[in-house]
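Participant: Let chain A serve as the given structure and place chains B, C and D on it in line with the hints.
So the protein lines, in turn, are chains A, B, C and D. The first sequence lines up with residues 19 to 397 when you count with our numbering. The second sequence lines up with residues 19 to 397 when you count with our numbering. The third sequence lines up with residues 19 to 397 when you count with our numbering. The fourth sequence lines up with residues 19 to 397 when you count with our numbering.
There could be a bad hint or two in this list.
Straight-line alpha carbon distances no greater than 30 angstroms define the calculated DSSO-like cross-link-like pairs of lysine-lysine that follow [to be verified]:
id, chain 1, residue 1, chain 2, residue 2
1, A, K194, B, K168
2, A, K278, C, K245
3, D, K278, B, K291
4, C, K82, B, K90
5, C, K291, D, K139
6, B, K168, A, K278
7, C, K57, C, K245
8, D, K171, C, K291
9, A, K291, B, K168
10, B, K82, A, K168
11, C, K245, C, K132
12, C, K55, C, K69
13, A, K291, D, K305
14, D, K171, A, K278
15, B, K232, A, K278
Hints are computed from structural coordinates only; laboratory data are not their basis.
Number of protein chains: 4
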Amino acid sequence: MGMIGGGPGAFIGAVHRIAAAMDGEIELVCGAFSSQKEKSHEAGIMLGLAKDRVYDSYEEMILKETQLPPEKRMEFVSIVTPNHVHFHPAKLALENGFHVVLDKPVTFNLTEAKELKELIKKTNLVFCLTHTYTGYPMVKEARQQVLSGKFGKIRKVYAEYPQGWLSTNLEANDNKQASWRTDPSKSGIAGAMGDIGTHAFNLAEYVSGLTTSKICADINIKVPGRKLDDDGAVLIKYDNGASGVLFATQIAAGEENNVKIRVYGEKGGLEWKQEDANSLIIKWPDKPNEIYRAGTGYLSSYAAHNCRTPAGHPEGYLEAFANHYRNFSLCVKASIEGNEPEKEWLDFPGIEDGVRGMAFIELVIASGNTEHKWTDFVF
Amino acid sequence: MGMIGGGPGAFIGAVHRIAAAMDGEIELVCGAFSSQKEKSHEAGIMLGLAKDRVYDSYEEMILKETQLPPEKRMEFVSIVTPNHVHFHPAKLALENGFHVVLDKPVTFNLTEAKELKELIKKTNLVFCLTHTYTGYPMVKEARQQVLSGKFGKIRKVYAEYPQGWLSTNLEANDNKQASWRTDPSKSGIAGAMGDIGTHAFNLAEYVSGLTTSKICADINIKVPGRKLDDDGAVLIKYDNGASGVLFATQIAAGEENNVKIRVYGEKGGLEWKQEDANSLIIKWPDKPNEIYRAGTGYLSSYAAHNCRTPAGHPEGYLEAFANHYRNFSLCVKASIEGNEPEKEWLDFPGIEDGVRGMAFIELVIASGNTEHKWTDFVF
Amino acid sequence: MGMIGGGPGAFIGAVHRIAAAMDGEIELVCGAFSSQKEKSHEAGIMLGLAKDRVYDSYEEMILKETQLPPEKRMEFVSIVTPNHVHFHPAKLALENGFHVVLDKPVTFNLTEAKELKELIKKTNLVFCLTHTYTGYPMVKEARQQVLSGKFGKIRKVYAEYPQGWLSTNLEANDNKQASWRTDPSKSGIAGAMGDIGTHAFNLAEYVSGLTTSKICADINIKVPGRKLDDDGAVLIKYDNGASGVLFATQIAAGEENNVKIRVYGEKGGLEWKQEDANSLIIKWPDKPNEIYRAGTGYLSSYAAHNCRTPAGHPEGYLEAFANHYRNFSLCVKASIEGNEPEKEWLDFPGIEDGVRGMAFIELVIASGNTEHKWTDFVF
Amino acid sequence: MGMIGGGPGAFIGAVHRIAAAMDGEIELVCGAFSSQKEKSHEAGIMLGLAKDRVYDSYEEMILKETQLPPEKRMEFVSIVTPNHVHFHPAKLALENGFHVVLDKPVTFNLTEAKELKELIKKTNLVFCLTHTYTGYPMVKEARQQVLSGKFGKIRKVYAEYPQGWLSTNLEANDNKQASWRTDPSKSGIAGAMGDIGTHAFNLAEYVSGLTTSKICADINIKVPGRKLDDDGAVLIKYDNGASGVLFATQIAAGEENNVKIRVYGEKGGLEWKQEDANSLIIKWPDKPNEIYRAGTGYLSSYAAHNCRTPAGHPEGYLEAFANHYRNFSLCVKASIEGNEPEKEWLDFPGIEDGVRGMAFIELVIASGNTEHKWTDFVF
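Chain A extracted, bound-state conformation:
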C-alpha cells in the first residue's frame, strides 16, 4: 500500500493506517503524505518507511512506483487527502494500473465522480470508498435481515448523524480538521452534508436496500461566519414508496459521533447505532424484541466474515474500517491471482456509492436552496 495524504495533523490518515495494518495482510510501503515535500518526508520517516519510498508528491510516487519491479511495487494506493485532492490522484493511480482506496466523499463534485466511474469500469481495477459504518458486522447483518424479507416491504427509514464538534467557530482557531472541512475550495459545495450527511445517506440505502427518489432538505449554517452548512435535515421518498427522514448536524453541542439507523417494514423493524455497535436490535410487534450480537454463531455469513473476536469482546470503529480494507485486499488478491472473490468479500462500498453520494451532496444543497418541496433525485 502507498498512501497519499495523511501527514502531520491529519486525523483520517492514521485511521487508515491502523485499519490497513490490523489484520497483518497489508503493509505500508510508500507514501506521499503531504503537498509540502518536507512534511511528506517527515511523516515517512516517522512511519519507518525506507527513504526512497517517501515521495515529494503523489505524481512522483505513482510514476516511480510504476517503474519498480512488480514484487516490490505497491499494489494499491490509499488516498486520504481533503476532498479537492481526491479525483486527480485516484485518476492517475487507476491510469497507471493501481487499485485504489479512497476516503469519502469520493470527489469534489459529481462530474468528477462520474468520470472516475467510467475509468474504473474501463480499467477493471478494484476500488473502495471508505464509508466506515457499513463495515460494522451488525450493519451488514441489518442489511441481510432486511434483504431476507422478514420485515415485509420496507415503509420507513430514519438515519441520523449528530455531531457537536463544530458548534463553535473552530476554523477561526487554526484547527486543521475544521479548516478544510468548512472551506468551499477544499470541501466542495457542502460541509456537514458532505462530511457526515453522505454517511447517513449511504447507510440508509445500504441497510434498507432502497433507492432514493425524491428529497426535501433544510440546510443551515448555524455558527456565524461559517461558509458551509453545518446542519441539515432531509425528508426522503424512496423508489418503493417508503419514506425517510435523514438528519446530520455538526452543531449538536455535546454529541460525539452518534450515527443511528432505523428501518421498519410491514412486520417488524430494526435499529443500530454506533454507540452500541455490537448489537443489532430487531423489533417485533407481537413477540419479544431480539438482540443480535457480533461474534456469535448465529449471524449471516456477511456479518460473521467481518467479526474478529468472540461475542462480548467489543469491536469498534477501527475494526469496521479495517473490514473495508480486508475485503478490498481480498478482492485485490483474488484479482491478481485470477480467482473469483467470495460474495462476502465484495460487500464493501465502491464507486457506485461514491457517485450516489456526490449526487446526494449536489441535490441536497440544491433542495436546500429552493422553495419547492420535492427535488427529484436524478442525476
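Facilitator: Using the frame of chain A, we list chains B, C and D on its own:
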C-alpha cells in the same frame, strides 16, 4: 370529579381514573361514561359509584350536578371522549362553572379550540389539557435547564414519537381504539399527527421554550385502506432562528411509545426519552455528560415537586399523568380557597397548548398537501 | 383500609397509600398514624379522614372498628410502622378478624414470625407482606419463565441490592428514616440485611423457584459509629445444587435502589433490574437474546394481569406496590364473597415469605459472626 | 516480535498478532507456532513469514535468533501457549536477553511465577502480562480517579466476569479452547478461576488501588464430568478495611464476556463494564452522575494516551490489547535507546500482577476446599 367518557373498551379513561386517584386528593363522584346510557350505567356500577350519580348523558350530568348542594357537587369534569366529543361537553361544563380536564387534542378543529380559549378566559376557570409527557419530572427539569440559559441560545430541536401499533389495518378488525382514531368524523382531519404528533409538538415547544414559525411536512398514509395519516415528518423553523425535526408515526412496526426529545444550544444539549423516563441526560462538549435522576435532592423545584418516590424507584406514565391532575387540582383548590397558586402548580398544559396543538394539526396537514416547502405557522 | 403508622415524616406510609388508592378499589377509611396521638390526628386530618375514624392508637382503632357495623367497618389493616411495631398490631388485627397488609420484614424476630404464621393459619385471613419487587410484572414473568423449564435446571443465581443513602452517618443528624433503621431496638438484629437484604433474598427465591440450604456471609458496619450492619454479601447453596451470590449494601455512595436479579440454567438465563423495570432480558447461548416488555400481548397470564398501561408507557415502583395491594384485595373480596380466587391473584408475598425472611436475617447475622464457612439454612 | 504458540485453532494468538500489528510499530518476524513442527511451519507460511524464520520449536527459535545480527534479530517474544508452556519459554527468552510478552495467567503455578519474577529482576528486561481489561482507556481513567482521592477512602469493590460458553461439556466435543482450559495438566489447578477469575482479581486491585488480605471462596464444578472449576465466587477483605465481592463463572448460559467493576468510596463511586467499554460512570450521592467518555479532551493523561479515535468512535477489546503491546514496546524502545520511559507507558501489567494472580489461583482453590471462612492472602 365527574367523568365524561371512559366507558367499556376505552383505554384513556382508565388512565385518567388511576391518575386522578393516585394521590388520594381526587375522588370520582359521578360520570356519564358513554353515549349509550346502558353502557354508562354499567361502567358507573363497576366503578362503585352511587346510582344517582351515574348519568345517561353528559348534558344530564352537568345539569343535575349543578343542582346539587356545593359540598356534594362535583368540582370539575374530566373529559376523555374521542375528539369529536371534546368541545361541547367542555363548553357546557365551563358555562356551568365547572373546572375542566380534557384529553388532547383539545377539540375537533382549530375554530372550536379558539372558542374554548375565549370561554376559559371569560369564566376564569381552571383548565388542564393532558399532554402526558410534560408531566414527567425530568421533562420539567429539562425545560428548567433550558430556561436557565446554561446551554446558550437554542439551535436545534429533535422530537420524535414512533409507534407501531397501527402497522396493520386494525380498524378493519373492530379494534375500538383504532376505529375512532382513524375515522375522520371522530378524530378530525389528522390521524397520527393529531394523536401523537401533537404530543411531540407540545413537548418540543415546552422543553425548548421556543415558538414554531414555519413548518414543512411530509404526511403519509402507509397502511392501504386507511383514511387518515399514520405517518409524518416535519421540518421546523423556530422564532429564534433555531431549526427542528419532528416525526411521529404509527407504522414503525415493533415500536411501542418511544417518545424522545433532544435540544441543543450553543454550549451543550439534553436528551430525554420515555423509555428511560427517570433520567435526563445533559451533554457537554468539553466535560463529562451528566445524568440527572428523578427523586434526587439536586433537582429544580419544578421537577422535585413532581416526584413521589426516592431516586431509583422508578415513576412512570401514570405518575406523569397524575402530576397533571395533582397540579390542576392544587390550582382548583387554590382558586376555591381564593389563594395564589405556587408557580410549580401552574406548570401543566392548558388551553394555549390546546390552541397551538390544533393549529399544528391544521397546518401540518395543509403543509403535507402543498408543493410549497415552507408553510407559515400562523393561525 | 385502616392504616397503622405512616404519620408525618414516614416514607413508606405514603407509598402504601398511593399503592392502595391507585386502582380505585381501596379506600382509606381510618387510621392510627403515630404512637403520638396528636401526630396521628394531624395526619388523619391532612388525609381527609372523618375525625371519628382517626384513632389515638392502633389498639383503639382495632377495638372501635370492630364495633362498627360491617358495611362501615374497615376491611383490612395496613401496618407500616418500624419493625418493632409489626407483630403486635398484626396479631391484634388478625385476632379481631381483620385481614392484614404488613410492611417487610414481617416482624422483629423469627419467633414472632412463626407465631404470626400459626395465627394466620388458624384465622384463615388474608395476609400480604409487601416485598415490592415481586410485584413488578416482569419479575412475575421471570419466575414463570424459570418455572416453565425453558432454561433447564437452574445452576446460578445472582441477586443484588446496592444503595448509597447511608454512606454517611445520617442517623446522627436526626434523619427519621435512618434513625430507626439503624437502631437495634426498632429495627432488630440487622440493618441493611433486614431492610434490603431480605428483598434480595426474597427476589432470588421467588424468581429462581429454589430454596436456600446453606449460606456464608460477610457482614459489615462500614460507617463509624453505626450500630447495625450497613453492608453484606452472602454466598448461597440452594437445595437443587445451584449456587448463588447475594449482596446488599447501603454504603455504595451514589447508588440509588439498584435491585437486580440474574438466574442461569443449563440452557439460558435471565436478567431483570429495577432501573429498567419494564424489560426482562432473556439470554441464550445460541440464538439472539430476547427482550420481553411489560404491557405486550405475549406475556404469561401472571405478568399480563399485573400491567396497567400499553407497552412503552412505563410502570414503576408504585405500580409494583399497587399490584400487591390489588391482588391482596382481590383475594380479600373473593374471601368475603366466598369465591375461589384466580391463581394470578394469589401471586403476592405472604407469611411464608415473611418467616423465611426472618430466618434469613437471623442466620445471615449468625453466619457473619462465625468463623465457619457454611451455616445451614434451617430454622 | 517472535511468537511462541498461536498456531492453527488457537484463539488468543490471532488476538495478540492483531494487537501487535495495529499501531504499525511492531512486526512479526519469526515464530514457533506449535509444538508440532509441521503445524508451526504451516502457520508461519500462512502468516507470510520468511521460511527461515519459522522454527520447529521455541528452543530452536530462541537459539537461532540469538545468533542473528542485532538489527535482524527479533526484539522480544510473545508467548501465547496454554498455561503449562508459559514458564519455560519465558525463562529461556529472558535468559537469552529477549523482552517478553506473556499471556495470563503468568505460569502453571506460583513457584514458577516467583522464579520468573526473580529472573526478570536480575535481567532487567521488559515484561508484559496481557491482562486485557486494564488496557481499556476508561479502566485507566477509573484507576486515576480512585487514586485522585475524589471518592475518599474506598469501602467496597464488586468485580464480576460471567461467561456462558462452558455451560455444556464442550471439552468432550473436541473444542480445542475448551479442552486445554479444562485439563489440569495444561491449565493448572484452576479452570474458571485461572482463566477469568484472575482477570477480575487483577481488575479489582488495579482500579481500587487496594491489596487483598483475606478471601473466602465458593468454588464449583457445575457441568458434570468437568475436571476443573467452571464457577466461583469470592468474598474479599482488603488491606485498608474495604470489603469486596468477586465472581467469575463460565456456566452463565447466554452471557458473553460481561466483565464489570464497581468501586465505592466514602463520597462516591464508579462503574465500568466491557459491554459499554468507552464509558466510565461516576456516581455521586448529591449531584448528577457523570459519564466520562473515551476520546474526549478532559481525560487523565493515562487514559488519553491510550485512545486512538475521537469520542464516539468506539474502541474495543483489540485496542485494549493493543495498548498493552504499545506501552510495552514503547518501554522496550526506551530501554534499547537508554531513555527514561514516560510514566503513562509504564502502566501495563507485569510480573507483580502475574505473581499475585498465581497466588489468587492457589489461595482461591485452597479456600474453596476448606471449611474455614477466611483464608489469609499470604504467599
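Participant: Quick one: which hint numbers does this structure break? Sort them smallest to largest.
Facilitator: 2, 5, 10, 14
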